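Engineer: Residue numbers (full-length UniProt numbering), protein chains in the order written: chain A, 1 to 187; chain B, 1 to 187; chain C, 1 to 187; chain D, 1 to 187.
Hint data in this document are derived by calculation from the structure and do not stem from the laboratory.
All values derive from a computational prediction rather than experimental measurement.
One thing to keep in mind: the hints can contain errors.
Same chains, same label: a pair holds when it works inside one copy or across any pair of copies.
[Said to hold, decoys possible] Once the Cα atoms are required to be at most 27 Å apart in a straight line, the calculated BS3-like pairs of lysine-lysine come out as: (1) K72 to K49; (2) K119 to K166; (3) K163 to K72; (4) K134 to K49; (5) K166 to K51; (6) K72 to K51; (7) K35 to K72; (8) K35 to K119; (9) K166 to K49; (10) K187 to K22; (11) K166 to K32; (12) K49 to K187; (13) K134 to K35; (14) K134 to K32; (15) K187 to K32; (16) K163 to K35; (17) K32 to K72; (18) K35 to K166.
Protein chains: 4
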Amino acid sequence: MRHSKTDLAEQIFMATDRLMAKEGLHHLSMHKLAKEANVAAGTIYLYFKNKEELLEQFARRLFAIFMAAVEKDLDESHSFFEQYRQMWWNIWRFLQDNPTMLSNLNQYELLPNLAEICKSVDHSCWDNFCQRAKAAGELVELPNDILFQLGLKTAITIASGSKFLKVELTTEILESVIERTWRAIQK
Amino acid sequence: MRHSKTDLAEQIFMATDRLMAKEGLHHLSMHKLAKEANVAAGTIYLYFKNKEELLEQFARRLFAIFMAAVEKDLDESHSFFEQYRQMWWNIWRFLQDNPTMLSNLNQYELLPNLAEICKSVDHSCWDNFCQRAKAAGELVELPNDILFQLGLKTAITIASGSKFLKVELTTEILESVIERTWRAIQK
Amino acid sequence: MRHSKTDLAEQIFMATDRLMAKEGLHHLSMHKLAKEANVAAGTIYLYFKNKEELLEQFARRLFAIFMAAVEKDLDESHSFFEQYRQMWWNIWRFLQDNPTMLSNLNQYELLPNLAEICKSVDHSCWDNFCQRAKAAGELVELPNDILFQLGLKTAITIASGSKFLKVELTTEILESVIERTWRAIQK
Amino acid sequence: MRHSKTDLAEQIFMATDRLMAKEGLHHLSMHKLAKEANVAAGTIYLYFKNKEELLEQFARRLFAIFMAAVEKDLDESHSFFEQYRQMWWNIWRFLQDNPTMLSNLNQYELLPNLAEICKSVDHSCWDNFCQRAKAAGELVELPNDILFQLGLKTAITIASGSKFLKVELTTEILESVIERTWRAIQK
DNA sequence: TATGAATGAGGTTTCATTCAT
DNA sequence: CATGAATGAAACCTCATTCAT
Chain A
1 MRHSKTDLAE QIFMATDRLM AKEGLHHLSM HKLAKEANVA AGTIYLYFKN
51 KEELLEQFAR RLFAIFMAAV EKDLDESHSF FEQYRQMWWN IWRFLQDNPT
101 MLSNLNQYEL LPNLAEICKS VDHSCWDNFC QRAKAAGELV ELPNDILFQL
151 GLKTAITIAS GSKFLKVELT TEILESVIER TWRAIQK
Chain B
1 MRHSKTDLAE QIFMATDRLM AKEGLHHLSM HKLAKEANVA AGTIYLYFKN
51 KEELLEQFAR RLFAIFMAAV EKDLDESHSF FEQYRQMWWN IWRFLQDNPT
101 MLSNLNQYEL LPNLAEICKS VDHSCWDNFC QRAKAAGELV ELPNDILFQL
151 GLKTAITIAS GSKFLKVELT TEILESVIER TWRAIQK
Chain C
1 MRHSKTDLAE QIFMATDRLM AKEGLHHLSM HKLAKEANVA AGTIYLYFKN
51 KEELLEQFAR RLFAIFMAAV EKDLDESHSF FEQYRQMWWN IWRFLQDNPT
101 MLSNLNQYEL LPNLAEICKS VDHSCWDNFC QRAKAAGELV ELPNDILFQL
151 GLKTAITIAS GSKFLKVELT TEILESVIER TWRAIQK
Chain D
1 MRHSKTDLAE QIFMATDRLM AKEGLHHLSM HKLAKEANVA AGTIYLYFKN
51 KEELLEQFAR RLFAIFMAAV EKDLDESHSF FEQYRQMWWN IWRFLQDNPT
101 MLSNLNQYEL LPNLAEICKS VDHSCWDNFC QRAKAAGELV ELPNDILFQL
151 GLKTAITIAS GSKFLKVELT TEILESVIER TWRAIQK
């Protein structure tokens, strides 16, 4: 069967995600990947120069998808807390809806060049938010990266660690977390 | 030369840490490890059943070292905030003093069975602290794990991300972070 | 664009020659060849059954070109020595004028079935010359192949080795070689 | 079974020679080689960094063996012609006694870096001979390399081509060749 | 206890060839 | 005729592990 160029690359990306969730990054072999993606081993090399480049592009795609999810339904006319809350829930729901991504989160951090990729991509969403909220005097004057660690990052770490938790995470608890992390970064 | 059992195992652990910092976990081969540790390839198998078990024990050791560092100079007669502050700085300084550990932080999360190891080890220090602080009505009633994510975990994530930051992290900024994360978890 | 059958085959042959000179026979892949010849990979298989056959026909073409060059301006009315001298210079100049062929000389000998090809092609030129010269009592009675090795072959080996020589090869030296190899095969 | 270091390297060299004779250089795979040498694939890489280096060392070894054979029983007190004759026969007999080498001769010329290897090795034997014979006024004043092409090289080319010859090469014919090539290079 | 040569399964990548368009 | 995406066998090479010493 013939595929459009994006079709097959996407097919390979999705297979990568599934395999990473199933067996982990360091058990990801090109042969297994080919099998999972229902293509021949050589075919992958028509779309990616080598394994390293495949993983790098995979990371870029992830990051883009993630950033898009964060911005979803964001309304700048709402209060800054509401906007923060929206982003926090966006991340949370996105990770709940994409369990493979959730279980891959640790692995993603190991992808080659992830740091460079993150920097090269536009952080516009969060940076934008921080700039506006600081200008309005609602956010403390700390570097944006740190504000991210204290704020939205908790949505990731808690989602990531939740499968090991004994207690169930109720909406009440999460709303409490949102409110308290907001307290940590507000002026 | 003769070695006591612990000697050689420790030698191998240290070599593991150096190699992970230098080339990353997924380039860590038993041969390179043997060379770095100045032992023969076969010798490693006298101390560890296989690579997986070596890495698991390596993770256990890491965790123990880390937990010991967190507890250092902890004085229960101080105020809860002071105790929290002490632990936060303990983590921060420990990571500054152990740059290989810092640059390995991401890698550690990929070690096989890390999650199980963490759970199996006694979290006594933090759990203890939480229990006492909650009893004293100073800490909000949330699961201890979540409190950890909102609190001390920030010392790790910020230290880990600091090499990518443009701004320099002054003591003032860090004290601000401590104070604000405390605000997030206090009653 | 449309091509006559010979056009495209010749285009492929020329691309083969260029690539062999540039990267060597054992780095010659059908894809690179297609690219160099500005045709699609599959197109080559319309003209040649497979790689082996392409190389074999390539060798035949080479041999034919070479033989034609040897015979050039050959005048049977001249003395046998003059005819020999003419052929020797023909070979020499041909190799100087076709540097890719010169740098491919070693490679050619590796082409599949070269030996069979050489035998199957008509040696008429040299055999002819030998026969006539022997009849005239000017050439020693040795097998023609051996006479070739002692005589004209030196034009090839010296041209081939000349790039490694420290000394420059003057016309004087070459004339001396011609005269002396003639001495080796004359009666 | 255990081997001394040279044992196994030599075993691999000999297997290389056999396989080259049987299937040609460009069909020589490391797996087939391992099988032919009765070792595991990985074992070869304990002795040679990679295929290229294996072939280069193989070429060096060949060249050394060949040079040693040429010098055999060479007696400087004999006449120059006798010495020349001795070397010619040395080459001839050596190639008859080592049929794989003979059938590999073409292949050898394709070995990577052969040119560099030849230059880096001492040509002392032939250069020596030429120098002495020129000083004695017995050899024509031409570059030594050219004298080699006109002289001893014929032993190689004729041996190499002899399997394609229809006529049998008698001692008489070969002696004639020796005498005539000597004629070509003598003063 | 310690060694390190040897193994061979499995890794990534290349490439001659096919076939639907 | 001509294309070039797709194939998958086979290439080179690595590496966790064993075992005779």
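Engineer: None of the hints should be skipped; say for each whether it holds.
Structural biologist: Against the structure, the hints:
Taking identical chains as interchangeable, the C-alpha atoms of K72 and K49 are never at most 27 Å apart, the minima being 33 Å within one chain and 49 Å between chains. In this homomeric assembly, K119 and K166 come within 27 Å of each other (Cα to Cα) only across copies, at 11 Å, whereas the closest approach inside a single copy is 36 Å. When the C-alpha separation of K163 and K72 is checked against a cutoff of 27 Å, the pair qualifies only within one copy, where the shortest distance is 25 Å, while the shortest distance between copies is 30 Å. In this assembly of identical chains, the alpha carbons of K134 and K49 never lie at most 27 Å apart, being 43 Å within a copy and 55 Å across copies at closest.
Taking CA atoms no more than 27 Å apart as the test, K166 paired with K51 passes in neither setting, with 38 Å inside one copy and 31 Å between copies. Proximity of K72 to K51 under the C-alpha cut-off of 27 Å is found in neither arrangement, the shortest distances being 32 Å within a copy and 44 Å between copies. Taking the shortest alpha-carbon separations for K35 and K72, neither the intra-copy value of 34 Å nor the inter-copy value of 46 Å comes in at or below 27 Å. Taking the shortest alpha-carbon separations for K35 and K119, neither the intra-copy value of 33 Å nor the inter-copy value of 35 Å comes in at or below 27 Å.
Proximity of K166 to K49 under the C-alpha cut-off of 27 Å is found in neither arrangement, the shortest distances being 44 Å within a copy and 32 Å between copies. Taking the shortest alpha-carbon separations for K187 and K22, neither the intra-copy value of 43 Å nor the inter-copy value of 40 Å comes in at or below 27 Å. In this assembly of identical chains, the alpha carbons of K166 and K32 never lie at most 27 Å apart, being 34 Å within a copy and 40 Å across copies at closest. For the homomeric pair K49 and K187, neither the shortest alpha-carbon distance inside one copy (48 Å) nor that between copies (54 Å) is at most 27 Å.
Taking the shortest alpha-carbon separations for K134 and K35, neither the intra-copy value of 50 Å nor the inter-copy value of 53 Å comes in at or below 27 Å. Taking the closest pair of Cα atoms, K134 and K32 never come within 27 Å of each other, the shortest separation being 49 Å inside a single copy and 50 Å across copies. For a Cα distance limit of 27 Å, the shortest separation of K187 from K32 qualifies neither inside one copy, at 51 Å, nor across copies, at 51 Å. Proximity of K163 and K35 under a CA criterion of 27 Å is satisfied in neither setting, with 29 Å inside one chain copy and 39 Å between copies.
In the homo-oligomer, the alpha carbons of K32 and K72 never lie at most 27 Å apart, since the shortest distance is 34 Å inside one protomer and 47 Å across protomers. Within a single copy, K35 and K166 get their C-alpha atoms no closer than 37 Å, and across copies no closer than 43 Å, so neither meets the 27 Å cut-off.
Of the hints listed earlier, those the structure fails to meet are numbers 1, 4, 5, 6, 7, 8, 9, 10, 11, 12, 13, 14, 15, 16, 17, 18, in rising order.
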